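Peer 1: Protein chains in written order, with the working numbering: chain A, 1 to 288; chain B, 1001 to 1288.
Keep in mind that the hints were calculated from the coordinates and are not lab data.
The model shown is predicted, which means the values in this text are computed figures rather than measured ones.
The C-beta atom is built at its ideal place from N, Cα and C for all residues, glycine as well.
Certain hints may be false.
What the hints assert, rightly or not - Which chain A residues stay away from chain B? Per the calculated CB distances, all over 12 Å, these:
#, residue
1, Val13
2, Lys40
3, Asp43
4, Ile52
5, Glu74
6, Glu79
7, Arg147
8, Thr230
9, Glu252
10, Leu263
11, Ala270
What the hints assert, rightly or not - Covered stretches of chain B (in silico footprint by chain A; criterion: 3 or more residues with CB under 8 Å from a CB of chain A, positions within the stretch not fixed):
#, stretch
12, 1111-1123
13, 1126-1134
14, 1191-1199
15, 1214-1225
Protein chains: 2
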Amino acid sequence: METVVEGENSRIVISKTAPTVIIGERINPTGKKRLTAALKERDFDYIIKEAIRQVEAGAHIIDVNVGASGIDEEDLLPEVVKKVADAVDVPICIDSSNPAALEAALKVCPGRPLLNSTTAEEKNLETVLPLARKYNVPVIGLVNDERGIPKDTDTRVAIAKKILDRAVKLGIAPEDILIDVLVLPIGADTETGKVTFDTARRVSEELDLNIVVGASNVSHGLPDRKVINTAFFALGAACGMTAYIADPTVIEITQTILAADLLLGKDEWAGNYISFYRKKEASKNAAA
Amino acid sequence: METVVEGENSRIVISKTAPTVIIGERINPTGKKRLTAALKERDFDYIIKEAIRQVEAGAHIIDVNVGASGIDEEDLLPEVVKKVADAVDVPICIDSSNPAALEAALKVCPGRPLLNSTTAEEKNLETVLPLARKYNVPVIGLVNDERGIPKDTDTRVAIAKKILDRAVKLGIAPEDILIDVLVLPIGADTETGKVTFDTARRVSEELDLNIVVGASNVSHGLPDRKVINTAFFALGAACGMTAYIADPTVIEITQTILAADLLLGKDEWAGNYISFYRKKEASKNAAA
């Protein structure tokens, strides 16, 4: 199953056999004062720099989320999406919980962006899926519904299937549905990781869909978070996770994702792994 | 399936639901000049220090291998096994390709050591499996036979099954057979990692056996080996690998194994992960 995401002059394929796709998560104001200010002031230089930094660090797609109190997403999201898409040579992931903002951004975004996201809540399915159909773009489905985020694997898989079925009924191709299996802080509930990995494996095997996960949350409240996050990314690669919403400027994360690809036969002759290493050494030497 | 390994006053359980077991690999002269000299000179202080360091770093079992040119294993292995077993409070993994040396060590080793290893070669099956039966100890089976190490998963799984069948016919309990799925350098053959992980998953699921792997080899010849090794340990945890032959004095390795356990629900309340972190911080502070 190949999901194709495109920029104006770029094309990324998400699939089980392709290298893992990194969706740069840094353009999201949650918990980020400086970025929130930049968004409010329309300081596009700062925002574009964040986009470029992530692409240089290894991001294949740039997520753009402008959701913060006091920001009119419907107004700002299309503007930021356009600026970022013009500045970098990779596809965009349009990220909002506001369907009107999603559509406004879809109207101006070049290529074939990724839509982030719908849940299985009726109000979401009824508004977001038709957008994916209308603009012919792939869309991320989160495995939660009116009842919240289920604690068990069976219900999460059933929700993924519900999103898939509804999408197909609307005429969306199955390869344009990606499932976010959702990750909760492991410190609060030791079982939650297993549920996430089991859900990923089952959605990947039983529904044959691509999986995308935003994972930084998993280590919340624990020490040495980077160790847990990198272990998560490596583990997930063995469970059908095909794309991560992550911060590629954290070298350990990008390098672990590349190492996992190498170990799983997705990096012939270790080409990606070694060229990342060389770039890293070159920039170390340049700094010294 | 629970494999029980015992020291004189210690007990380690290897199973899919228990925390991953670390078998300290440092007492093995291959490529180690200083240790080779210590073994030849019977410098037991040095060897015992290596054992204690590993236990302090997180090893649950200590592997003892004395195989080097100019060393009479049948003579030296039992002596070293006895000294190490007396010095540390964890079980021993008796490691030799010489069945006579294995038996000499079994005669003096307290508790219920782990026997490392047999292959599926007839000459091995006929000599090592009877030792496991006679001394009632668990034994590691390597998935190679007279033809060498198979390149494909099917043959590796078939070899694991052959070892299991032969052992059961001799009256050995299935839980006393552990399979080493073998890891080759990924730089030389990009497909080899996938074969190792697939074999682990199938042996774990289809034969319900515990898996033990020595993994340092996988990154041979590549830069930033630690990144590949830690990714391997995290990935493997998702594929049924229940014990690793590894160097626990490399903090990143031990911490990644603990993080993977935590993510897979094998570390309630993150107890092991957090206490390792505290010990690490305490020794940092002591050093400062």
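Peer 1: For which of the previously enumerated hints does the structure constitute a violation, in increasing order of number?
Peer 2: As far as the earlier hints go, 8, 9, 10, 11, 12, 13 are violated by this structure, in ascending order.
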